[in-house]
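Chains A and B are the protein sequences, given in the same order. Okay, so the first sequence: first residue is 1 according to our numbering, each after it adds one. Okay, so the second sequence: first residue is 1001 according to our numbering, each after it adds one.
You may find that some hints are simply not true.
Every beta carbon over 12 Å from chain B, so not counted as near; a handful from chain A, in silico [stated by the list, open to error]:
(1) Val72
(2) Ser141
(3) Thr202
(4) Val237
Simulated crosslink set (SDA-like; lysine to any residue; CA at most 25 Å straight-line) [unchecked claim]:
(5) Lys1178(B) <-> Arg1150(B)
(6) Lys229(A) <-> Val1221(B)
(7) Lys123(A) <-> Val1221(B)
(8) Lys233(A) <-> Lys1178(B)
Treat the hints as calculated values from the structure; they're not laboratory data. Because the structure is a prediction, the values reported are computed rather than measured. Every residue, glycine too, gets a C-beta built ideally from N, C-alpha and C.
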Amino acid sequence: MIAYIIRRLVATIPVMLLVAVIVFLLVHLAPGDPASVIAGDNATSDQIASIRAALGLNRPLWEQFAIWIGHVLQGDLGHSLFWNRPVAELILQRAEPTISLAITTLILAVTISITLGVLAAWKAGSGLDRAVMGVAVTGFSVPVFVVGYLLVFVFAIQLRWLPVQGYRPIADGLWPWFERLILPSIALGLAYVALIARITRTTMLEVLAEDYIRTAEAKGVATRPMLLKHALKNAAVPIVTIVGIGVALLIGGVVITETVFNIPGIGRLVVDAIARRDYPIIQGVILVFSGVYVLVNLAVDISYTFFDPRVRY
Amino acid sequence: MDAAAPLLSVEDLRTHFFTVDGVTRAVDGVSFTVNAGETLGIVGESGCGKSVTALSILRLLPQRIGRIVGGRVLLEGEDLLGLDIGAMRDIRGNRIAMIFQEPMTSLNPVLTIGEQIAEAVRIHQGASAADALARAEEMLALVRISDARRRLGDYPHQFSGGMRQRVMIAMALSCNPKLLIADEPTTALDVTVQAQILKLMLELKERTGAAVMLITHALPVVAETCQRVIVMYAGRIVEMAEVTELFDRPLHPYTRGLMSSIPRLGAAARQKRLTEIPGLVPDLRKPVIGCAFAPRCPLADDHCRAEAPPLTEHLTAHQAACWKAGEAA
Chain A
1 MIAYIIRRLV ATIPVMLLVA VIVFLLVHLA PGDPASVIAG DNATSDQIAS IRAALGLNRP
61 LWEQFAIWIG HVLQGDLGHS LFWNRPVAEL ILQRAEPTIS LAITTLILAV TISITLGVLA
121 AWKAGSGLDR AVMGVAVTGF SVPVFVVGYL LVFVFAIQLR WLPVQGYRPI ADGLWPWFER
181 LILPSIALGL AYVALIARIT RTTMLEVLAE DYIRTAEAKG VATRPMLLKH ALKNAAVPIV
241 TIVGIGVALL IGGVVITETV FNIPGIGRLV VDAIARRDYP IIQGVILVFS GVYVLVNLAV
301 DISYTFFDPR VRY
Chain B
1001 MDAAAPLLSV EDLRTHFFTV DGVTRAVDGV SFTVNAGETL GIVGESGCGK SVTALSILRL
1061 LPQRIGRIVG GRVLLEGEDL LGLDIGAMRD IRGNRIAMIF QEPMTSLNPV LTIGEQIAEA
1121 VRIHQGASAA DALARAEEML ALVRISDARR RLGDYPHQFS GGMRQRVMIA MALSCNPKLL
1181 IADEPTTALD VTVQAQILKL MLELKERTGA AVMLITHALP VVAETCQRVI VMYAGRIVEM
1241 AEVTELFDRP LHPYTRGLMS SIPRLGAAAR QKRLTEIPGL VPDLRKPVIG CAFAPRCPLA
1301 DDHCRAEAPP LTEHLTAHQA ACWKAGEAA
């Protein structure tokens, strides 16, 4: 098991390297010039050229990559071109809102979607099942920003139940923190809920047709333990797999959600960085997000041993 | 027969399956009784309704497809078909337990053996977790699984097919049921293990005093283990008798066909070719006119094809549903 984890961690190195190459190329081959952004609208071409030289942007691409990756391997994500501060520091500063949003969304989405999926499978073919699946299809098809603005319009502007936007640190109190996360979490989590609920329903339907479920019923097991203990644990492996894969949805959605709800998180940081062609920040954030994604899916793989005794590493 | 009231009495049970292809009358008016402590065999080909009869008794039919459309199932005088689901669950695994055909898939792969046996004890006897587990260990030892205490924490994939069926037996008998329904309990096992499992089941039946309803397609198994036999064909009972009586004087041509299709060893084998019953089981989605067995029966005439024979007593405690019961082929 320990050996397996170490092996998997080692295997992430080439993955991350590949990600680094792609991110670097993507950012640098995209049109736009950070020097002209920094220099402002009235700068002369000489001024821009000197800024380019100062930032090292006039060197060959491979050289820039070698310098950057060399620093990254030493744990240094570089300096922001615009803020002139370490990228790692900027990311850490913005981490709390993003982590708060991600975790509330994850918890809300996973509990709601699995509950819905289990109920839909249990009552397959019923009105409840059709309603859940209808919501799932809609939820997966409507973009985050549409859901976001719709929620703001209804619950914040019309009903005035919740704040329109913004973020308060958890240090200011649990409720002020949480009430500003409710609408963003719903907007961000809807597609995720849809994805997990569908997989849960399908897997549970298969499991509920298994012989051992009939054995449990023949034993006199009641509905709840039958669904949750006998069936859901068997359905867990495909479900946690999708939970892990779906984290990609959350990462993509976080950027948009933070913009819609004006949350000063990592998503906003990267959106602003893209507008300014602040290469080190873009690269750093994407690298961190990729690392999180890889680690989440490693955790998912390890969790299989917990759900299924037949899985051994 | 027994003067006392039977343990289980199935009266005119009708179970239909509603599928897109039409309605299948899987069980079509079946009546029989099981007396306390006896072993009753139910024999027939695949699809004759024997398993569906068993599942109907416990009301474990596949949801939305299978439905009991008529009849009564009386357990010690109480009609199980009228019970709400909670009361039915109090009976399942407690007063009536069931063992299934497929030991490889009938145990939950993600729960320990100990938990799967202990669960029934907790549900029905209100035992504490520790007491239930102690009972599970006792049951495992009873079905002769060595090192029972340690194996309580094992999972089904760590057991062989025969051992899993022992676990199923342990689970089924853990609450001392009055009736044990065994649906082809040995069919999926190796021949050498089959005999062991059967012997174990009957030994434990003697010990607990449970009645056993043994469903099988193998007549020799019935001959060895049962006191009374029911032969089913196309969702109906075609013959019912005590076991020696049935083997000595089979009345229904179908029963005789089943018997002559058992291969024999020795001198008899060299004298006679193994006979089979020609044709196929009828399609139960279409209405059966006359005797369902008539198309395959060597004795069938126009009367057989026009009117279904009722199950009537031809000899003492020996019933058959045939117009030509006992006539030689």
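The hints, checked one at a time:
1. Val72: 42 Å, holds
2. Ser141: At roughly 29 Å from the nearest Cβ of chain B, Ser141(A) sits farther out than 12 Å, so the non-interface label holds.
3. Thr202: 17 Å, holds
4. Val237: Since the minimum Cβ distance to chain B is about 9 Å, Val237(A) lies within 12 Å and the statement is violated.
5. Lys1178(B) <-> Arg1150(B): Measuring from Cα to Cα gives roughly 30 Å; hence the hint is violated.
6. Lys229(A) <-> Val1221(B): Violated, at roughly 37 Å.
7. Lys123(A) <-> Val1221(B): 41 Å, violated
8. Lys233(A) <-> Lys1178(B): 32 Å, violated
The structure shown violates the earlier hints numbered 4, 5, 6, 7 and 8.
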